[in-house]
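J.: Which chain is which? The protein sequence lines are A and B, in order. Counted the way our numbering counts, the first sequence spans residues 155 to 269. Counted the way our numbering counts, the second sequence spans residues 78 to 189.
Don't read these hints as lab results, they were simulated from the structure. There is no bait here: all hints are sound.
Covered stretches of chain A, going by a simulated chain B footprint (3 or more residues, C-beta under 8 Å): (1) 197-207; (2) 253-260.
The calculated label-pair distances, taken between Cβ atoms and stated as ranges, are: (3) A:Y184 / B:N128: 22 to 28 Å; (4) B:G93 / A:T205: 44 to 50 Å; (5) B:I89 / A:E169: 36 to 42 Å; (6) A:E170 / B:P147: 49 to 55 Å; (7) B:G161 / A:K210: 38 to 44 Å.
For every residue, glycine included, the Cβ atom is placed at its ideal position computed from N, Cα and C.
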Amino acid sequence: GDSVTQMEGPVTLSEEAFLTINCTYTATGYPSLFWYVQYPGEGLQLLLKATKADDKGSNKGFEATYRKETTSFHLEKGSVQVSDSAVYFCALSDRMNTGFQKLVFGTGTRLLVSP
Amino acid sequence: DSGVTQTPKHLITATGQRVTLRCSPRSGDLSVYWYQQSLDQGLQFLIQYYNGEERAKGNILERFSAQQFPDLHSELNLSSLELGDSALYFCSSGSGSSYEQYFGPGTRLTVT
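The shape of chain B in the complex, shown without the other chains (with noise of 0.2 Å):
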């Protein structure tokens, strides 16, 4: 168990909908990261917040935000979904700049 905890486990969701995933990180990490694992893209690094800021962004849809409350939880939301959105979403947390990251288990969306 790497205390990182990801809600929901699956989500089943129509095309043009919007849903949240949410992610708790470790206690005492103030980052939390959001990757998609596809078929077809991979493992990618969307977004990075630190402390409640955003920090960095990578292959991150402008349909897909973020944020991290004061509790450092954070929340994924994607908008008007496409088929092509179905993937594994993981997030992770770590602290500081550390390299060092510990993954949740996942939130597998399928939009049908």
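Just chain A, with the same shape it has in the complex (with noise of 0.2 Å):
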């Protein structure tokens, strides 16, 4: 089945610093591809998607693009900021035989940033 593969975490970056999440999927089919975040007790918001090869999905300074070829959709920000300390999920819209989508998610990357 469908699958997503994200880098462990924890991240741990200073204030400013560039921040790079790897994400790579199996698919079969084109799925859309999705980062949400999950900020401490709280609940999973979707962040930034992208539907088709080569989008860019950006959000709050956030990027990520949609590469069939490397089968990748890595989030990147230029300078992060303590506020972006949290669970980054990577996920893909899986086609159900129903005709709905179900998400399949990454396993998760924690961000700490330190000031």
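Make the complex out of the two chains shown on their own, each in a separate frame, by following the hints.
T.: Written as structure tokens, this is what we have:
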């Protein structure tokens, strides 16, 4: 079945450092790709998405590009803030035989940003 | 705020017991999805309802069941609870067959 692999954490950075969190996927067909963020004690929030190859999703300074040739969707941010400390999940949409889509998640990567 | 609500926020119960988790979708969304987030299994899809009907099942145990009511809220019933059922349970909602899902804050279940 479809799967998502993302880098192990925690990723520890100083404020204003550059962030990359790697994500690769395995899928039949052409899934949509997502990054979700989970702040401490909260639910999952959609951070950004891309629906087809070469699309770039962006939000709040975060970016990720759907790379079909490398089956990747790496998350980047040029300058992280302490408030970005959270767990980041890469996910893909898996179309079920009912026509509906379920989300398949990676294991999550914890980001810790220090002042 | 995603517009999806879940109650209760926390639940502590003993092994062998039964609990019910509740989810109200965003206004206008007909689909409700349930996910389990545990330390060993990560985030996994359990089950989906659309407009009151079950539409898909994932890795849901036979001890678990769900339903969606006419007002579109959904309940996840967990019975004969085991220690390993301790997890965060999320619901999400979406419209139609769209890939976009909006998540609630989750219910943290602790089985002692």
